[in-house]
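So the sequences go chain by chain: A and B.
In this text, residue positions in the first sequence follow the working numbering: the first is 1, and each later residue adds one.
In this text, residue positions in the second sequence follow the working numbering: the first is 292, and each later residue adds one.
Take the hints with a grain of salt, since some may be wrong.
Unchecked claim - Label-pair distances were calculated between CB atoms; the ranges are:
1) A/Tyr-177 / B/Pro-491: 39 to 47 angstroms
2) B/Thr-344 / A/Asn-60: 49 to 57 angstroms
3) A/Leu-24 / B/Leu-470: 30 to 38 angstroms
As the list claims (entries may be wrong) - Partner residues aside, some chain A positions facing chain B, computed with beta carbon under 10 angstroms:
4) Pro-59
5) Ser-88
6) Leu-210
To be verified - Simulated pairs of lysine-lysine, DSS-like, Cα-Cα distance not exceeding 27 angstroms:
7) B/Lys-471 / A/Lys-12
8) A/Lys-12 / B/Lys-464
9) A/Lys-287 / B/Lys-403
Hints listed in this document are in silico derivations from the structure and should not be mistaken for laboratory results.
A quick note: this is a predicted structure, and the numbers were derived from the prediction, not measured.
Ideal Cβ positions, reconstructed from N, Cα and C, are used throughout, including at glycine.
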Amino acid sequence: MYNIFSKNQSFKTLLNISAGIIPLVCSGILLALVLNSFNAFSEFGFFNFLSSKEWNQSPNNESYGALPFISGTLLTTALALVLCIPLSLSVALFNGEYYKGKTISNVLNTIVDLLAGIPSVIYGLWGFYVLRPVVMSLGLSSQGSGILVASVVLAIMIVPYAASLSAEFIKLVPKEYKESAYSMGATRFEVIRYVIFPMASSGIFSSFILAMGRALGETMTVTMLIGNTNQMPQSLLDTGNTLASIVANQFGEADGLKLSSLFALALLLFIITAITNLIGKIIIKKKSISK
Amino acid sequence: MNNTINNTRRLVTSRGIHLLVCSLSIITSIPLVFIIGKVFFEGIHNLNLQFITKPTPNTFNAMIAINNGENIPGGIANGIVGSFIMLILASIIAIPIGILCGTYLAENRHNKFAKCISYMTDLLQGTPSIIIGIVVYAWVVIPSHGYSAIAGSIALAVMMLPLIVRSTEEALKMLPDSLKESSLALGGSYGKTILKVLLPSASGSIFTGVLLAVSRVVGETAPITFTALGCSMVHWNIDQPMSSIPLLIWQFYNDPILQPLVWSASLFLLIFVLFINISAKIINNKSKK
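Here chain B stands alone, though its shape is the one from the complex:
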């Protein structure tokens, strides 16, 4: 009799914990719905053609428009162009270095130097973005006497680098050794084996890694603030200050007049980031099949 009660209690505890785990998991997913919902409903009505073709308005013009009950004039074209240019530049810097470095790590697994580099990659990945921002300020902005898109791109590249290194390394480690051995046995040189056999075979996973790295840095604000500074015009000079979408959000987030613009910019950024994230996931699943 006692035994039965004891058993019932054990079962009830087990069920109770199961229920607790499920409800806490649901609670965890609620913020996603709330955040996306809030950004969507606040941002959607200002998202029009003008929004992606015009630069940010000054507060005065925006105030007049609001008083007249109109939509805010202007958009975030300066941010879109800036984000685009800096992402391209950062990719040009970080992707080749990252892939080569990841290849080095995958090829020299038991070497002391490689282990040291592996730790440093982790260190770099864990470095807070604000630190990278002010360090690039000290590296680039002070010597060149001015904020520039180049400085911003270098900061973003430093952030992308460890992510690409890690994903390349993981992707190459997944390949069977026989692939490399057969290429070498057929007389392929070491360089050719890596460039023409190993890297193409792992290209799906590497590409996914690059996409994820891009989606991580496109929303970064802290490294841009003190390097690219921001600019209210659309231009293509990479030696001049430039804006980016997250930077615009950060600059205007507590400006009551530019509120609608900030929400729309957030929606734009969110759609972009989630789109890259989801496509990376799809590509990864496809390349695994």
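The following block holds chain A by itself, in its conformation from the complex:
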């Protein structure tokens, strides 16, 4: 009897220990970011660092600020989201309502899945050699790369996430509700507009929040396409840098105060994505409880 008990106990301990690794990793990430960015924050001050537009690397006059990169991140993410919403909503309706369970919906589903599987560096390569020349030939900007191209590719990348999650929530709307609307003479669109959307709205909203979280942190594609300049972007056609892309671009040769500033930017990005994801997940959890 004692034997079984101790075996149970030791296996449970093993499970507990391995479960403890996740908080260990998370706190390790936070700790590494905070410790390494401490220098930058104490040199420039927290709010100064956030609001400064300067990114000056000359050895005697170093001065680093996060504002250009925060605005670059917000601009690319916002534009990508604007482009992503109609597309992913359509795919979600196609798979979750119009052709639910049909072969054609399986085909579209597979296509969207494969889109989600393409590595980001290949998206970047494609954007660099296919989309950038298109923007140049349209005369929109001289070197092609910039916030616009980065956002378009980013939108293609996040559509699969938003679409597949939204489709799940659209599928969850009970049949009875839709059928009662049809029996009163509602058209398909009216059912979608007045039955499905109100019931699935918070789920769909959260799927866009989660897609936004992906867009905020996407690194390689953006680094290859955004043009990598450290000034405040003036327009959507301008080049710029996001929090993720400046770290990817300059971390390799950085040391001292610059390295610390890059860690500080990473810490900001970590906090922003963590909050975004948390909001998305909380909405989803609430939704699944209220059902």
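With chain A's structure known, arrange chain B on it following the hints.
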């Protein structure tokens, strides 16, 4: 009369929206065709035996070959070996921990600590890959005074971990409670019940989850760049810098001379990733039947 016009308008709106949804869905699928097509046509003619057996050439040799109108000498063997080694190491680290942790979450659904871990798994899953890259740089590369394949594998393992945890948890939650209860009733210990009954029953879905995790990280560049750094030779020392396929693409993507090699490397990576993705889907469908 008025009523009929009104009804017609409603029907037309409905049809119009239907058409809009269909056309936007088709527009969404166009990039896939374009991307795969472009990578295929640019990459296919350099994809030969030499490509997977020789390491990357230096720019000078490549330039001579191009001037002579030949194919670029060399291939991406260093990237293939590096990707392979780092994936294996990352799997060795992440799979056992991920499965045990997922089991913990499935077994303790209402426990506060488990809920906390569940949130942290989401947090980890949402963490941008570049952050994981520089954090592992701070954890491993700085203390060990050098870039290494081990550091790269740790970064990949951190990325794989939440994916495996989630898929294991979901797979175990799908199993009926009676399975666990009958094993316990027959006198099986808790550990045996999980290792010999629950995990094998869920193995199909768990394996799918592992495959998907592998296919997600095999194309990751950002966590590798500042940990494994890259290397132009083929070697098997895991304490030395190493390259990987996506890293090679990233290093040479705007080098006009190595263009053909970059496209072929992309094609190779794309085929590999899509192959894993599709086989994961097939395995999942089979295990559900």
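A quick look at each hint next to the structure:
Range check, A/Tyr-177 to B/Pro-491: about 41 angstroms between beta-carbon atoms, so the 39 to 47 angstroms window is met. Distance hint check: the CB atoms of B/Thr-344 and A/Asn-60 are about 51 angstroms apart, consistent with the given range 49 to 57 angstroms. A C-beta distance of roughly 31 angstroms is found between A/Leu-24 and B/Leu-470, which places it inside the suggested range of 30 to 38 angstroms. Of the supplied interface hints, the one on A/Pro-59 is violated, with its beta-carbon coming no nearer than about 22 angstroms to a beta-carbon of chain B, more than 10 angstroms.
A distance limit of 10 angstroms between C-beta atoms decides the matter here; for A/Ser-88 the minimum to chain B is near 8 angstroms, and the interface restraint holds. Nearest Cβ of chain B to the Cβ of A/Leu-210: about 8 angstroms, under the 10 angstroms cut. The hint holds. Only pairs whose Cα atoms come within 27 angstroms are accepted, and B/Lys-471 paired with A/Lys-12 is accepted, the gap being roughly 15 angstroms. Between A/Lys-12 and B/Lys-464, the direct Cα distance comes to roughly 18 angstroms. Compliance with the 27 angstroms bound is thereby established for this hinted pair.
For the hint linking A/Lys-287 to B/Lys-403, the alpha-carbon distance of about 20 angstroms falls within 27 angstroms, and the restraint holds.
Going down the numbered hints, you'll see the structure goes against just number 4.
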